[in-house]
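Protein chains: 2
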Amino acid sequence: MHLWQILARARHLYPAAPAVVDGGQVFSWDAIGAGTDRLGAWLRARSVAPGDRVAALLPNSRVFLEAYFSAAGVGAILVPLNTRLHPEELAFILRDSGSRVLLADPLHAALTAEVLAHPTPVTHVLSAAAPFPLPTPWRVAAYPEGAAAGFTPEPTPPDAVAHLYYTSGTTGAPKGVMLTHRNVATHALAAVAELGLTDRDRWAHIAPMFHLADAWATFAITLVGGRHVMLPRFEAGAALALFEREGITVTNLVPTMLNLMVKHEDRSRHDYGSLRLILSGGAPIAPAVVRAIVQTFGAEYVQTYGMTETSPYLTLSLLKAHLRERSPEEQLRFRAKTGRPFIAVELRVVTDDGAPVRPDEREVGEIQVRGDTVTPGYWNRPEATAEAFTADGWFRTGDLAVLDDEGYVTIVDRRKDMIITGGEKVYSTEVEHVLYQHPAVLEAAVFGAPDPVWGEVVMAAVVPRPGMTPSEAELVEFCRGHLAGFKLPRAVRLLPDLPKTGSGKILKRVLR
Amino acid sequence: MHLWQILARARHLYPAAPAVVDGGQVFSWDAIGAGTDRLGAWLRARSVAPGDRVAALLPNSRVFLEAYFSAAGVGAILVPLNTRLHPEELAFILRDSGSRVLLADPLHAALTAEVLAHPTPVTHVLSAAAPFPLPTPWRVAAYPEGAAAGFTPEPTPPDAVAHLYYTSGTTGAPKGVMLTHRNVATHALAAVAELGLTDRDRWAHIAPMFHLADAWATFAITLVGGRHVMLPRFEAGAALALFEREGITVTNLVPTMLNLMVKHEDRSRHDYGSLRLILSGGAPIAPAVVRAIVQTFGAEYVQTYGMTETSPYLTLSLLKAHLRERSPEEQLRFRAKTGRPFIAVELRVVTDDGAPVRPDEREVGEIQVRGDTVTPGYWNRPEATAEAFTADGWFRTGDLAVLDDEGYVTIVDRRKDMIITGGEKVYSTEVEHVLYQHPAVLEAAVFGAPDPVWGEVVMAAVVPRPGMTPSEAELVEFCRGHLAGFKLPRAVRLLPDLPKTGSGKILKRVLR
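The listed protein sequences derive, respectively, from chains F and G. Numbering-wise (this note's numbering), the first sequence opens with residue 1 and increments by one. Numbering-wise (this note's numbering), the second sequence opens with residue 1 and increments by one.
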C-alpha cells in the first residue's frame, strides 16, 4: 500500500468529518486533502522529483500532517527533524540526507536561521504559516493556501523509501533510518488491528510528530478516518486539559511526559471519561509510574516498545484473554512488562550464540526481529546496515531482555548500557525501578562509570521532586532494602534535570 | 509475512489454548502445531519441494487447517478442491495444477475413487483419518499421528504463490487463481483490523474451507489466537445448534445458508448471546433475508463482497461512525448495501470509458480494485490474466454497481448476468429482491433468455417455501407492484431447488 492511498481513503469516505484540530481550528478531510494537494503541487513546481529529500522542522500541526502526505504524493522522502537538536547537528542531517527543501515554522525561526548559517544543500525554505524573516540571502515562501491545485500523485513502488528518521543519537553520529511505504503502511494496518482503532477515535499528538512514538498514528488514525488533535508544545497541564476538552480517546506518550502528567497538580481536575487507551513508548517506564497512570486516568494502559528502525512497535503489553481473568495486581504486573510481539513482527530473544533464551524470566538475551515493518537499512551506510542484521536477516535491536512462559518479554537494559562490575552484570533498569519507588524521586538514571578495581561501578543520577532533597546515603540505603550489594549505586548525584534526546530518552553517555 | 509465521505466532503465544474443536475433540495450538509439523515432514519425505502443488479434497476439519499451514511450511502450493464438483472437473483441476499429492478423507472415498479413475498426475494419496480402500493400483497412506517430527519451515519469499483456488466456474473451464503469501497474510491482518478479531473470538467453519468466503478465517483467526470450530457438513439445524453449544462469536455464511437457517423451525430454540457478528458473503443477499437475520440472531450484521481473486474481501457494509447515529431503519438500509471499501483495498467504480460514476445511486459502472490482496493472475493463463487487468493495473471484477455519497457501493449485477431487453438494461438482483419479499418464496433467481423480438427477456426461477405453491400469475402480479413493466419476468418456473456452485452461488447458466 502506498501512503497516499491512506489519505485518499479518508478523503473518499469522510470528506466532511473533522480530521484535524489545530490551534482552535477544525479542518475536514476535504480541507486536509486540498492542503496536501496544494503542498504537493508546490513541491513539484520546485522540481522535487521521486526519491528527492524534503526536510521538515515543524511543531505538531496540520502542516506536519500535510507534509507527510504531500511528500508521499510526489514520491519524495520526508526527513522529519528533531527540533531539540543542535543547529550543527541539524545542518549535518540536511547534508547527510541531501535535502533541498526545508519546511519550517515561525515557532522555530531562530533555530532555522542558525541551521541555515551552516553549509547545507537547502535551496528552498517554506514556512508553515506566514513567511518569517531569515538572514540574507534566504527568502522564505508562504505556505500555499487558497484555490485548490490540481494534483495527481506519483505512482510509487511499495518498497520505495518514504521517510528518513535520523536516530536520536544516544551514541555516535546520527544515522538516517530508511522506512519504506510498505514499512509504514503495514505498521498502520497492524496498529489498527492491535489497538482496535476506528473512526470514533481521537488521537492527541502530544509527543513530537518528528518521532515515531507519535508519527505512526499520523497514518493509522488517517487510515480509519479518525481525528487528529494537535498540541504544538508539551506542557503537562496543557496535555491534561486537552484530554478533556477534545474528548481524546487514545494517545501514545513518552514516559517522561506521563511521569510529569501524573505528578502534576491539575491531574485530578479533569474528566478523562472519553480516554479508552493510554500507550506509553519511546523509553522504559518504571512500574511505580504505571500504577500512577492507571490511577489517574482510569483508562486501559498499554506499554509499548519499539524502535525507529521498526516503524516502531515491536511489542505491546496488551493482555491475552486468559490473563484478563487474573487478579488486578497480576494483570498490572503483565501490563508493566515490555510486552508480547506486535502482530506484524516475528520476534526472538537469543543468547550470544544464537540460542533462544529459556522462558524463565532469568536468562537474558538480545531481542531480534523480522517482518514487513523492519527498515531496509541506514541511508548511505552499508556497513552500519550490515552490522544491524544477522546473517539470516534478523534485525538486532541491541536490547537485552528476559522472556516469560506467556511470551511476554521484559527489557533489562540496552546492550551498551549494561554495567559489568567485578565480573557481575548489573542491568540499569532494575536499579532505576527501585529508585523510582522512593517518594522523593522524580526521575532517575543509572549508568556505569569506569573504575580501576571493578572495571565499572554503578552510578545514579536523580532529579528530586520539587521541594525535596533526599540525601545520597538515604537513597543508597533505600536501594539496599531491594537489591544485592553489588547492584547498589556507589554514588548518587542530585541534578535539577537529566540530559535527554528530543524523544525523551535519557542520554546516559552525557551522564557518564 | 509468511503464512507459516501466522501459525508460529499462535503456537508461541497460546500453546495450551483450545485452537480447534472438531467432532467433539478439542486440539490445543501445541497439538495443531505438532500435527502441522508431522504433515510437513510427511510431505517433505515424499519429495514435495517449494512450488509443488498439493491438492486437498477435504471436509471442514482440523486436518484441512493443518494442510493449509503444512503446505506453507514446505513452501508448496495448496490446491483446495470443491467437493461438489464432478469427478471429471476435479481430475481436470489436478491435471491443470499438476498436483502430485492428494489429501483425501473417508467422507469422500467414493468421489476420490471416481476422480482417480481419470488420468491425473497424482502419485500419493493421504487420508485425513484411517486409510480407506481405493481401486487398484491406489494405496492410501494414513494421516501421520503420534511422535512429534522435527520440522523446519522452508524460507519462502512473500510473493511466492501459496494457494491455487479454482474459480467455481459459473462460466467456462475452471481457472486456478494464484494467491501469494502476501495476498493471504495481508487479508488476514486487514480482516483483524476491520472486524476487531481477538483471542476471545470463536469462529464457526460452516461454509466450506475450500472456498475463500470461509478459508480466509483460517489465517485471520489463527493470527489472533482465536478458536476454530468445525462443521464438516452444512445442515441448517446443526449450524444453529453449533452457535449455542460452542459459544460462537463470529462467522461468515453464504446467503443460501443464512436463508435456510433463518427459516428453519429451530431458529428460536437456541440462545445466540455469544454471537457478536454475522458476516454474509460469497453471493448477493436479499434485504428481506437481512432483516430476518438481524431479528433471529440479534447480532451485528455485516454484508461482505469479495472474489477469489481478491483474497476475498472488497467491501464490507460496516457502518461509519456518523451513520450509527441514524434511525434503525436507515442503518439497516446501509447494512444491506454491498458496502464500503475493505481497508486493504483501493476501489473505484467506473463507466466503460474509465470515468468514475456519479455518487447518485443511479449511474452504473464496473468495480475495479488494486492492492496487496489482489491476485497476480491465473495459473498458466497469461491471456486470461492480461484480460483481467486494465492497462494501469486495476483488477476488473466484472461486477456492476452504483455508488452513494457515503462511499458505499451496491452491486446491481454481474456484468454477464445483466439482461438487455428491448434496449433496456435490467439488473437481475433488483427483480430477485422483489421476489424475495413474497411470503411464499424461499429462493429466487432471475436471468435472461434469448428472444427473437426483444433480444433477451426476463425469466425467473423460484423455489417455494415448503407446503406453498404460489402461481406464476400471482408472482408476476406481485412484481408489478414494485417494478417497471419491462423488468417483469415473462415467465416464472417453480423448481424444487436451484443449481448451485459449491460455495452457494446460483448457476444461472444452467437455468438459461
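No lab work stands behind these hints: they were computed from the structure. Bear in mind that the values here come from a model prediction, so they are computed numbers and not experimental data. From the three backbone atoms N, C-alpha and C, an ideal C-beta is built for every residue, glycine too. Among these hints, one or two may not hold up.
To be verified - Partial pick of chain G residues on the chain F-facing surface, computed with a CB cut under 8 Å:
1. Q5
2. A173
3. P174
4. R200
5. E346
6. G371
Right, here's what the structure says about each hint:
Checking Q5/G against chain F by beta carbon gives a least distance of about 6 Å; that is within 8 Å, so the hint holds. For A173/G, the interface hint is violated, since its Cβ never comes within 8 Å of a Cβ in chain F; the closest pair sits about 33 Å apart. Taking 8 Å as the C-beta contact cut-off toward chain F, the hint placing P174/G at the interface is violated, the least distance being around 31 Å. Below 8 Å, beta-carbon pairs count as interface contacts, and R200/G has one with chain F at about 5 Å; its hint therefore holds.
For the restraint placing E346/G at the interface with chain F, the shortest Cβ-Cβ distance is roughly 6 Å, inside the 8 Å limit, so the hint holds. Restraint check, G371/G versus chain F: the minimum CB separation of about 7 Å is within 8 Å; hint holds.
Of the numbered hints given earlier, the model fails hints 2, 3; all others are met.
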